[in-house]
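**Q** Dock the two chains into a complex; use the hints.
Which chain is which? The protein sequence lines are A and B, in order. Just so we're aligned, residue 1 is where the first sequence starts under my numbering, counting upward by one. Just so we're aligned, residue 314 is where the second sequence starts under my numbering, counting upward by one.
Rather than coming from a laboratory, the hints here were simulated on the basis of the structure. A couple of the hints might just be wrong.
Stated by the list, open to error - Below 16 Å or equal to it, Euclidean Cα-Cα: the simulated EDC-like pairs (lysine to aspartate or glutamate) are:
{"#": "1", "chain 1": "B", "residue 1": "Lys693", "chain 2": "B", "residue 2": "Glu528"}
{"#": "2", "chain 1": "B", "residue 1": "Lys693", "chain 2": "A", "residue 2": "Glu56"}
{"#": "3", "chain 1": "A", "residue 1": "Lys154", "chain 2": "A", "residue 2": "Asp115"}
{"#": "4", "chain 1": "A", "residue 1": "Lys135", "chain 2": "B", "residue 2": "Asp532"}
{"#": "5", "chain 1": "A", "residue 1": "Lys67", "chain 2": "A", "residue 2": "Glu3"}
{"#": "6", "chain 1": "A", "residue 1": "Lys135", "chain 2": "B", "residue 2": "Asp331"}
As the list claims (entries may be wrong) - Partner residues aside, some chain A positions facing chain B, computed with beta carbon under 7 Å:
{"#": "7", "residue": "Asp92"}
{"#": "8", "residue": "Arg104"}
{"#": "9", "residue": "Leu105"}
{"#": "10", "residue": "Tyr106"}
The structure displayed is predicted, hence computed values, not measured ones. C-beta: ideal position from N, C-alpha, C; glycine also.
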Amino acid sequence: MTELVLEVHSLEKRFGEIEAVRGVSFQIAAGETYGLLGPNGAGKTTTISMVCGLLERDGGEVIVAGKPLTTRSIGAKAAIGYVPQELAIYPDLNARENLRFFARLYGLAPAVAGDRVEEVLRLIGLVDRAGDQAKHYSGGMQRRLNIGIGLLHKPRLLVLDEPTVGVDPQSRNAILESVESFSAEGMAVLYTTHYMEEAERLCDRIGIVDLGELKAEGTRAELVSLVGEHDRVHLEGVGDLEAAAGACRALPSVDAASVEDGGIQLIVDHARNLLPELLQVTTAAGVAVNAVEVVEPDLEAVFLHLTGKALRD
Amino acid sequence: MRAALLIAGKDLRQRLRDRSALLSAIVVPLALASIFGLIFHNVTGGHLTFTFGLVDQDHGQAAQAFETQALGPLERGGLVVVRPEPSLAAGRSAADRGKVAATFVLPAGLSAAIGNGRTAELRVLGDIDQSIGVQVAEAIAQSYASRIDTVRLAGAALGSTTPGSVRTASAVDPIRIADVSTTSRQLDAGTFYSAGMAVFFLFFTVQFGLSSILEERRDGTLARMLVAPIARSAVLAGKLLTSLALGAISMAVLALATHFLLNAHWGNPLGVAILIGAGVLAATAVMALVATFARTPDQASAWQAMVALVLGMLGGTFFPVSQAGGLLATLSLATPQAWFLRGIENLAGGAGAGAALGPAAAILAVAAVTGTLAFLRAGKLVAR
Chain A
1 MTELVLEVHS
11 LEKRFGEIEA
21 VRGVSFQIAA
31 GETYGLLGPN
41 GAGKTTTISM
51 VCGLLERDGG
61 EVIVAGKPLT
71 TRSIGAKAAI
81 GYVPQELAIY
91 PDLNARENLR
101 FFARLYGLAP
111 AVAGDRVEEV
121 LRLIGLVDRA
131 GDQAKHYSGG
141 MQRRLNIGIG
151 LLHKPRLLVL
161 DEPTVGVDPQ
171 SRNAILESVE
181 SFSAEGMAVL
191 YTTHYMEEAE
201 RLCDRIGIVD
211 LGELKAEGTR
221 AELVSLVGEH
231 DRVHLEGVGD
241 LEAAAGACRA
251 LPSVDAASVE
261 DGGIQLIVDH
271 ARNLLPELLQ
281 VTTAAGVAVN
291 AVEVVEPDLE
301 AVFLHLTGKA
311 LRD
Chain B
314 MRAALLIAGK
324 DLRQRLRDRS
334 ALLSAIVVPL
344 ALASIFGLIF
354 HNVTGGHLTF
364 TFGLVDQDHG
374 QAAQAFETQA
384 LGPLERGGLV
394 VVRPEPSLAA
404 GRSAADRGKV
414 AATFVLPAGL
424 SAAIGNGRTA
434 ELRVLGDIDQ
444 SIGVQVAEAI
454 AQSYASRIDT
464 VRLAGAALGS
474 TTPGSVRTAS
484 AVDPIRIADV
494 STTSRQLDAG
504 TFYSAGMAVF
514 FLFFTVQFGL
524 SSILEERRDG
534 TLARMLVAPI
544 ARSAVLAGKL
554 LTSLALGAIS
564 MAVLALATHF
574 LLNAHWGNPL
584 GVAILIGAGV
594 LAATAVMALV
604 ATFARTPDQA
614 SAWQAMVALV
624 LGMLGGTFFP
634 VSQAGGLLAT
644 LSLATPQAWF
654 LRGIENLAGG
664 AGAGAALGPA
674 AAILAVAAVT
684 GTLAFLRAGK
694 LVAR
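Bound conformation, chain B alone (with noise of 0.2 Å):
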């Protein structure tokens, strides 16, 4: 162990003297997490408002049920901002010049094509500039003529299509912004992102571990220690200890900076605490497996990259794939990245350390098991 410590010390020593490592390890994932933050916050962190454009031409009941009913519970939350455009070419004006979002037209006869049962159409306007808004105009013109549907059902079950309907869907409960949200466990964009890039990163920091024999061995300095009165298993400790050293020190860095820097909210720090240990281990194990595979600390090197930026992209580290539904979501398991983040996401939400503890449990599967494939390859690294 004494060997094993001398040598994880030496490691960290160079690393810490090579600025590449620190960059890759802290200051690469803070600034890209502080620019996607930026970019997506007001989009998750739902602080945004979007302004939209309203052409009443119908002035009757099925307008006035969107418009306090659809619209009204939005604006009063600070969500939407309309606007009364006097004409459908005003309307379309103004989406088209950036003024608005989109525009709701509720055409003339509105109201009376829904009381007939006759299709009734509800236009949007979209500025072709501001999809995201765009979007959230839809899913609010999609909800509202979803619950108009369900009151004809229930209307038509009841052998009643009068205007009466109208009313009636218009008393169900206010349209919410979470109805058109596409997920229902999501984390704010600042703490997303810190976690995402923390963990992506993650797997570049330890990566030095055991490929940095590769090194040692092209530079002649692993011979030296191999020469040396120390069993060799005490090589590979060493190198390990380096990358779980480095791992830790990286993700603990990155969340306090994150916190205060980011205003990133990781959750329960026992949880938290547990989390990166458990993505530390994985990370190592991944890692080393591959370099165990290389022959030049270039071919592992390159390697481990490829397998980060995968397991990275996949586990969600970019863009939550995990709520993306089908096989991408069921894929996106098998990576530590996406429990990690599904970990952070449950301590985000207030809840003990005790909701860390599944998704570390997943971690350390993978860890366990790329770990025993390592340790049963990595015996080859130190023999010549």
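Chain A on its own, in the form it takes in the complex (with noise of 0.2 Å):
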């Protein structure tokens, strides 16, 4: 079995009357990327918080590395690379050293911090920028090196807390980029968003968080199936569509069809197959079909089935 890197065990947290975490528990294995998906304010950035050792916990358990977390942990906070999700740099320090300070503040050796923070200049694409003052970077520059901060001492788990809120699109794309490059190398990454289309992307398991509770977890594949695994298929056509839903609803994977909007609307098993012969089986019925939409079921879905609301609100 895969080494785990991260163990959390019925994680709570209180602020006065709210419980913010509520006996939050998963693991992740070396080389596996876990995301937390839920909205603002499911309690994603105090779980990481206390993952980290940033924050007291009222209850559970956090192990790192093997070794068991709190506040004052030294051995185990060295396991950990830890990304905001606000930039925490120097602006008023040029990317060496920023890199440098933080790398010697990880306990590397002034030589070895050396080549290592080169090596991450290298890696975040800032080398030719690297003598500059933070401040006159760029949006992108700066997030890449808030993230290149959390790489240098090569930690066993690195989280990341919504590294791309408000980032531009091409950045995103790189900062996404570099995370699938962070499994890849065995890195155990913890990453927490709201955008379904990132966890999508990047996690290998998902939890699925909202009001302070781990709802659900599991591969995408797990967590739709939650859900069941209908698509909807919208047919736009020109004809007689009563006759050809009829048509429709005799094939063995379709669950239901009926005429909506000016046109028919399935529910059926495995769209994507089904769909030539559901073309076959409308044309037949005279039915001259001009558009076809494939709805397939997301985690948008099953946040919505799990928590009765969508994701975004």
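**A** What follows is the structure, encoded as structure tokens:
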């Protein structure tokens, strides 16, 4: 079995009367990317603050690389690389100085730190601007520096808290590609986001969080199966729509078919496989199809199913 | 300790790049010390020569005693220039036109009045624009009058009220400028304002220490440091080291710069170093304590500025409050600034380093009290 890098058991946190985190448990293995998906205020940042030893927890346990972690731990923290949601760099220091300071803070010897700083500068593409003060960088460059600081000591667990919030599409894509490479190198990655697309693209497993609770977790397929593997197909066309709907209904993979909004609305299993047969049946029934839309169940649907509200609410 | 030194090194690099920090630590205090020193140099340095007019309508022994015994020594010492005026009108005119700071008028019959025990009048006509000169003139006249009263009382006790008493009065020690000074322990203006401005701005210089934790919290870098494998106390220690280093550098530079540029006489170097060390500790402790009550960097900065200003004023960094006596002088002893200046006064007078130990102990007592309170409260700054 792959080695577990992070184990979180029954994590709890209260702020006065508010239960910010309620019994959250999950595990991440080496080389795995685990996403915490939930809307703003769901408890994602509070959870990772406890996972990183920033915030005292009221209950539960966190084990990083086999070592129990508290806010006062030193050994366990050495295994964590942390990339906060907001930029956390020194704008009046240059990239090299920023990286060197944190490298030394993480205990890297001066010579090792120097080499590692240059490696990270190359990785984040800031070699040419390494001597400029960070306040003169573009937003994307600052974001890359922000991430680079978390990679300096080659952490076994990399925690990224919504790293693409407020980032332009180009930089966002670069960040996502970087994260994909981290897990490929064997790093365990904990990634929080409220962007469904990012979770689907990056994460091997996803935990859906709402109101401080982990509502469900698993691979994308496992989560989607929670709402049933039904796809929605909408066929737009001209002709005898009722007859065509009746013909479709007779197919074994079609659960439902009805005429709506000037077209035929179908609930089917495996729409992409069934699509040629559906077009054949409706054409045979005298309908000229001029548009097809397939909607497969996604994490948005899963979130809606589990919480009764949309992810972006 | 390694982590604390790293944090302090990083902070120092940031502060040295921040020109406003350099301004408040060195440039502004040096400039203010220069300006204040120039303004008050002549007064406290004793290098100004006051010009006084003298209208002698008496021509008697009392007038002669005033001229030769009260004014004479001062004139010979180069402190005053006496300009005889031929008439009351001329004397008044000289004062009105600023030709003299004040005119002494010795009216006709002055000697006789003194000799007969009657009320005698010695008038001082001052130039409204030379208030300090007028005060000096009044002090000279008052001092002379006091001598006359003393002799009268002595004469009465001996049963004599003859004009001979005037001769007795003139036989007493000549009036010295020290007698009209308001202080007996005073630095020259250059040294006073050099030390005063240095210790005043020291409190602003060291304020960045713990309050920069609030800045780092706002900017997210504190979280990064707290996730790193270091003790939280290392963050506090690093910040305090930054304050101590900045304070020591600032004070050392100011002491040397004012010595060479403003001719300030700080006194025994070891004693000065002791006072600077104690002062930096106290300033750091006081400002750290204030920072622990703040929730934001702006709040900390505003509160620290207020405390530094109040302590600075009360401690006599702008004016020698401790010399004023009364409640204010007593209150000033609660400030490290007052003790620092007192220590410098001791040293500037030529005393050895030992003269700094008493004031330094008082400063360290303030540092101990405020530092202990700050230590007890500082943990919350690095808690989330």
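**Q** Each hint needs a verdict: does it hold in this structure or not?
**A** Hints and how they fare:
A C-alpha spacing of about 14 Å is found between Lys693 (chain B) and Glu528 (chain B), which places the hinted pair at or below 16 Å, so the restraint holds. The straight-line distance between the Cα atoms of Lys693 (chain B) and Glu56 (chain A) is roughly 13 Å, inside the 16 Å bound, and the hint therefore holds. For the hint linking Lys154 (chain A) to Asp115 (chain A), the alpha-carbon distance of about 13 Å falls within 16 Å, and the restraint holds. Distance restraint check for Lys135 (chain A) and Asp532 (chain B): the Cα-Cα separation of roughly 13 Å lies within the 16 Å cut-off, and the hinted pair is therefore satisfied.
With a CA separation close to 13 Å, the supplied pair Lys67 (chain A) and Glu3 (chain A) stays within the 16 Å bound. Of the supplied pair hints, the one linking Lys135 (chain A) and Asp331 (chain B) holds, its CA atoms being roughly 13 Å apart against a limit of 16 Å. Below 7 Å, beta-carbon pairs count as interface contacts, and Asp92 (chain A) has one with chain B at about 5 Å; its hint therefore holds. Interface hint at Arg104 (chain A): satisfied, since its Cβ lies 5 Å from the closest Cβ of chain B, which is below the 7 Å cut-off.
With a cut of 7 Å, the hint placing Leu105 (chain A) at the interface with chain B holds, because the nearest CB-to-CB distance is about 5 Å. Because the beta carbon of Tyr106 (chain A) sits about 6 Å from the nearest beta carbon in chain B, less than 7 Å, this interface hint is met.
The earlier numbered hints are all upheld by this structure, with none contradicted.
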